[in-house]
Amino acid sequence: MAYLIGRARIRRVARSFSYLAPPVLWMAILFVLSSDLGSSPRTEGVLDSLLLRLFPWLRHHLSLAALDVANHWLRKTAHVVAYFLLGLLNLRAAGYLEGRRSTHGVLMAWTAAVLYSLFDEWHQSFIPSRSPEAGDAGIDALGATLAVLICLYQWHRKRTPDHSGSSR
211 MAYLIGRARI RRVARSFSYL APPVLWMAIL FVLSSDLGSS PRTEGVLDSL
261 LLRLFPWLRH HLSLAALDVA NHWLRKTAHV VAYFLLGLLN LRAAGYLEGR
311 RSTHGVLMAW TAAVLYSLFD EWHQSFIPSR SPEAGDAGID ALGATLAVLI
361 CLYQWHRKRT PDHSGSSR
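Our numbering numbers the first residue of the sequence shown as 211 and each following residue consecutively.
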């Protein structure tokens with residue numbers, strides 16, 4: 211009997227881990243990227259390398275100023291995507307903790323992503339090659355907000371019957 215109780219407990223712990231570990235792991239990755247490793251001078255080469263491999267004919271026609279602008283927008287897009295993913299992972303974890311489609315869970319997931327964004331910017335204040343920017347925290351919050359809005363829209367669509375008159 212003790213063996214069965216132990217197995218059930220292990221399954222519960224494993225299930226909890228499968229929901230709670232992904233956002234924590236993603237936050238650890240974001241923490242590393244907010245160090246010198248993710249600084250602008252270190253990521254400029256990524257864009258240049260991508261352009262050379264994917265669009266060699268285009269790369270040779272771009273000025274350094276155009277590359278700087280492209281790098282800027284690529285980095286801002288990366289902020290949105292990174293915190294969109296964190297928002298989704300937080301929503302998944304909150305759904306496990308609070309029950310699916312819980313208003314409290316949605317608020318908790320969004321708040322956790324935004325607070326982590328603020329922590330991330332604060333962390334960058336200690337890195338010589340980085341600087342904290344309120345605008346980046348706002349862009350991060352946009353990514354988390356998009357994740358929440360898309361999930362809320364999907365949940366609403368699943369809950370609302372189709373009145374279009376078409377049969378499936």
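Worth double-checking, as some hints may not be accurate.
[As the list claims (entries may be wrong)] Cut-off 20 Å, straight-line C-alpha distance, at most; resulting in silico cross-link-like pairs (EDC-like, lysine to aspartate or glutamate):
| # | residue 1 | residue 2 |
| --- | --- | --- |
| 1 | 286 | 246 |
| 2 | 286 | 346 |
| 3 | 286 | 254 |
| 4 | 286 | 308 |
| 5 | 286 | 331 |
[As the list claims (entries may be wrong)] Okay, the calculated beta carbon distance ranges per label pair:
| # | residue 1 | residue 2 | range |
| --- | --- | --- | --- |
| 6 | 307 | 251 | 35 to 41 Å |
| 7 | 312 | 251 | 28 to 34 Å |
| 8 | 310 | 273 | 28 to 34 Å |
Keep in mind the hints are simulated off the structure, nothing from the lab.
Even for Gly, the Cβ is constructed at its ideal location relative to N, Cα and C.
Query raised in the report: Has the given pair, residue 286 with residue 254, been kept, meaning a C-alpha gap of at most 20 Å?
Result: Holds - the C-alpha atoms of residue 254 and residue 286 are around 13 Å apart, at most 20 Å.
Query raised in the report: Can the restraint linking residue 286 and residue 308 be considered satisfied, given a maximum Cα separation of 20 Å?
Result: violated, 32 Å
**Report entry** Straight-line alpha-carbon gap residue 286 to residue 331, limit 20 Å
**Finding:** Holds, because 14 Å separates the two Cα atoms, which is no more than 20 Å.
Query raised in the report: For the pair residue 312 and residue 251, does the Cβ-Cβ distance stay inside 28 to 34 Å?
Result: Given about 43 Å between the Cβ atoms, the range is violated.
Query raised in the report: Keeping to a limit of 20 Å between CA atoms, is the pair of residue 286 and residue 246 held or broken?
Result: With a Cα-Cα distance of about 17 Å, the restraint between residue 286 and residue 246 holds, given a limit of 20 Å.
Requested in this report: Could you see if the CB distance from residue 307 to residue 251 stays within 35 to 41 Å?
Outcome: Once the Cβ atoms are compared, 40 Å apart, the range 35 to 41 Å for residue 251 and residue 307 holds.
Query - 20 Å Cα cutoff - pair residue 286, residue 346 - result: With Cα atoms ~7 Å apart, residue 286 and residue 346 stay inside 20 Å; holds.
Query raised in the report: Per the hint of 28 to 34 Å, is the separation of the Cβ atoms of residue 310 and residue 273 within bounds?
Result: violated, 51 Å
Checked against the numbered hints listed earlier, the structure breaks hints 4, 7 and 8; every other hint is satisfied.
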